[in-house]
Amino acid sequence: MQFEQAIPVQWLAEFIGAELRGDTEQLATGINEIHMVTPGDISFVDFEKYYDKCLNSAATIIIINKDVECPAGKTLLVCKDPFDAYIKIVKRFRPFEPATKMISDSAVIGEGTHIQPGVFVGNHVRIGKDCLIHPNVTIYDHTIIGDNVVIHSGTVIGADAFYFKRYKARDTQYEKMVSCGRVVLEDDVEIGACCTVDRGVSGDTVIGKGTKLDNHIQVGHDTVVGKNCLFASQVGVAGVAHIEDEVILWGQVGVNKDLTIGKGAIILAQSGVPSSVDGGKVYFGSPVEEAKTKMKELAWIKRLPEIWQKLNNTK
Amino acid sequence: MQFEQAIPVQWLAEFIGAELRGDTEQLATGINEIHMVTPGDISFVDFEKYYDKCLNSAATIIIINKDVECPAGKTLLVCKDPFDAYIKIVKRFRPFEPATKMISDSAVIGEGTHIQPGVFVGNHVRIGKDCLIHPNVTIYDHTIIGDNVVIHSGTVIGADAFYFKRYKARDTQYEKMVSCGRVVLEDDVEIGACCTVDRGVSGDTVIGKGTKLDNHIQVGHDTVVGKNCLFASQVGVAGVAHIEDEVILWGQVGVNKDLTIGKGAIILAQSGVPSSVDGGKVYFGSPVEEAKTKMKELAWIKRLPEIWQKLNNTK
Amino acid sequence: MQFEQAIPVQWLAEFIGAELRGDTEQLATGINEIHMVTPGDISFVDFEKYYDKCLNSAATIIIINKDVECPAGKTLLVCKDPFDAYIKIVKRFRPFEPATKMISDSAVIGEGTHIQPGVFVGNHVRIGKDCLIHPNVTIYDHTIIGDNVVIHSGTVIGADAFYFKRYKARDTQYEKMVSCGRVVLEDDVEIGACCTVDRGVSGDTVIGKGTKLDNHIQVGHDTVVGKNCLFASQVGVAGVAHIEDEVILWGQVGVNKDLTIGKGAIILAQSGVPSSVDGGKVYFGSPVEEAKTKMKELAWIKRLPEIWQKLNNTK
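Protein chains in written order, with the UniProt record's numbering: chain A, 1 to 315; chain B, 1 to 315; chain C, 1 to 315.
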């Protein structure tokens, strides 16, 4: 998330109750998770094993729970609970804004776009031209929708990331990583009925131009789907997946987080994709293999009685 | 789809910019995909390998992209892009009609039927007697619902078929096959929460009398489900499937398109049905086999270490 | 279900047209399915093989279709169709109450709770403090929600149990077991978008304190989920399951009815759990096995060509 205006680190230090180290005149221009940071961003780290990664990242301002040496050109905000401090800043600059009516006054809706009854359009949503939003769709705050987009009934765009942390040392409940990211649906996207596309934790979940989703599909937070993909019904894609252009996922396929599906790959129905796969090939199984390999395996399994018979005859 | 009144082919030729061949006085009474046509229907064909199938079908009026010989008693409408012409006619005779309120004035709702708050009932919908439609259900235009039907919240009846075509010669985007078909829910059907039943592309998607669906179920376009079936939660049935009477699908089963599941078949949980299966049997696996065959296979797999051991001892 | 006030058995006998046997002055304090009964309850039995179980249960008043000997301290209500009589009583004491607006007058909503537009809150619902109910959620009658609960859009809490009976002797249609149970969401629960949690048939479906559900999740009737569980997207849990504390179910896992998943168990994505599993272990596959066992099996399958080769060399 980028801030609407830059925030002095001295204000931040006071706001979260942290000690300032390094450059005390710095301005923060955004706040992001460590894997999404760009220069000017605030990020946080609370496990010693990730200190180096965070201190060497593009983040300019780092909330940290140990008074380590500050790298040149950066600012450290040293405090006891960096996670809590991060959440406090997120909530301050992207607060929950209760809605009082189905279409918010701050939504911008393009010419030729038709919004059917029962649709909720949240605060700061932007919808392009010539879209058709069917009844009972929900579009959460800050969602960005391009031109010629169709969304079918019951679908929910921009719900929170499913992202909970548990600090065993602290207590036994899960704590929520509050989302401040968005969903971006590019031009010519069509989304079926009863789908969910969650917003990014701090960045964007993106559905690329011309991609078509059938019904009951889940797209997790921070996932980026390319152009002209087709997902059949009941596909589930976890968070932070990267699905390149022209990928086809057949019905009930499951895709794990933190992976890449290469351009033009086809995943057959009910398969499970645990890690990255190359483009241009057809895959099947849970976990997936190339479909022809998997089919051979299934044929080999059917030969087991024959193998057993032969083994007994061999004796 | 049948037209409300017959359309002269000369009007059609002018409307889509086509050359007329054969009987130029013919009247079109409907428009359908090739596998749904009946006499009086318009259909279209744009691939040479399907010409014969279409010319020999029951269709009376054929939109085609080559000036071939016209079969006796038929009319050809010759034009460059038959797909575009077909879509243009569909949109002209089943236009999208924007809704201005949750229950359309043209809907007909039977005595004793109760519609809870937040339900959308589209144009030309007919609902029978003594039904109960729970809150936040969406019923798209032209849906037909019988008597004693129950629909639970969040369910979407009659969303568009998931049917996109891609003409590589033309451009790289998917083009939508616009649906003009309907959903028909027969008497005594109960549909759970967050289900989707898509309408037919040009014909009807049907759920037969007395059939009960649990939650999160997908039924694709043009699928016909028989009487007294039970589908457990998260079942997905693709388009153009034929599921005969008294079939039971357990949780998370996936069913492919263009197949038949015979009367009384039982498909165990998480199975995938890639092609037609006979009635009266129990199936399991992805792809499914008869459950007892599949169970034997699973047992054989467990014996692999034993087989390996024996093989080594045999040497 | 407990009655608001006790019902004399003589009134019941007249209401359902049954013969009274045993204690004719008894008062009924509730009505429950046989596996949920406590003293004071009405229950029913209509198959001879279950007579003993029902007569020896905690139920005080038993609707039965044979004039058997009445156990001491109990009352029998003898009639032809105990199932119909049970349903008649349920409908009399928990009638369907049509709603006329999105938030019922009888709902009690705690301080600090925010209900977004398009949410339906049924009759007699109780919602605690500091909850956030996102747009287009549906909460059926009698649901109980604790403090600090978040429910995302499109979710349906408290729809009917998917429970149908078929009496072949009587006719060929399924008959509905009418639900009179509830859903109870304890404090600090978060439920994603497009989820369904069905109410109990006569008891409660419970989601324990601190448990977090992702999107598109199904929780069946009378299932009890413990504290601090995590369910990933598209998980389906059938009815009457018992999931202990701190269980993690990854995406698209299916869980059968009438089983227990032990504390802290982890079920990997797309697995199917057909029967009870111990806590503290990791499982995979459909049907599930311990993950390490399953992984070995998958490795053995890949060795089949090698086994075949070796077998041929051995000859």
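It is worth saying that the hints were derived from the structure and are not from the lab. Everything numeric in this text was worked out from a predicted model, so none of it was measured. Treat the hints with care, as some may be off.
A pair holds if it fits inside one copy or across any two, identical chains being indistinguishable in the list.
[Claimed, not checked] Below, simulated DSSO-like cross-link-like pairs (lysine-lysine); rule was C-alpha separation at most 30 Å, straight line:
#1 Lys91 to Lys310
#2 Lys263 to Lys310
#3 Lys296 to Lys74
#4 Lys296 to Lys227
#5 Lys302 to Lys49
#6 Lys49 to Lys80
#7 Lys302 to Lys263
#8 Lys209 to Lys129
#9 Lys209 to Lys310
#10 Lys292 to Lys302
#11 Lys263 to Lys101
#12 Lys302 to Lys209
#13 Lys294 to Lys257
#14 Lys80 to Lys129
#15 Lys294 to Lys88
#16 Lys88 to Lys263
#17 Lys302 to Lys101
#18 Lys296 to Lys53
#19 Lys294 to Lys165
#20 Lys281 to Lys176
#21 Lys227 to Lys91
#22 Lys294 to Lys209
#23 Lys263 to Lys227
Now the hints, each set against the structure:
no.	hint	verdict
1	Lys91 to Lys310	neither (69 Å within a copy, 65 Å between copies)
2	Lys263 to Lys310	neither (44 Å within a copy, 39 Å between copies)
3	Lys296 to Lys74	neither (56 Å within a copy, 49 Å between copies)
4	Lys296 to Lys227	neither (32 Å within a copy, 38 Å between copies)
5	Lys302 to Lys49	neither (48 Å within a copy, 37 Å between copies)
6	Lys49 to Lys80	within (16 Å within a copy, 65 Å between copies)
7	Lys302 to Lys263	between (33 Å within a copy, 27 Å between copies)
8	Lys209 to Lys129	within (14 Å within a copy, 42 Å between copies)
9	Lys209 to Lys310	neither (56 Å within a copy, 53 Å between copies)
10	Lys292 to Lys302	both (16 Å within a copy, 13 Å between copies)
11	Lys263 to Lys101	neither (42 Å within a copy, 43 Å between copies)
12	Lys302 to Lys209	neither (44 Å within a copy, 40 Å between copies)
13	Lys294 to Lys257	both (23 Å within a copy, 22 Å between copies)
14	Lys80 to Lys129	between (48 Å within a copy, 29 Å between copies)
15	Lys294 to Lys88	neither (49 Å within a copy, 44 Å between copies)
16	Lys88 to Lys263	neither (39 Å within a copy, 33 Å between copies)
17	Lys302 to Lys101	neither (60 Å within a copy, 58 Å between copies)
18	Lys296 to Lys53	neither (44 Å within a copy, 35 Å between copies)
19	Lys294 to Lys165	between (37 Å within a copy, 29 Å between copies)
20	Lys281 to Lys176	between (38 Å within a copy, 25 Å between copies)
21	Lys227 to Lys91	between (33 Å within a copy, 26 Å between copies)
22	Lys294 to Lys209	neither (32 Å within a copy, 40 Å between copies)
23	Lys263 to Lys227	within (10 Å within a copy, 42 Å between copies)
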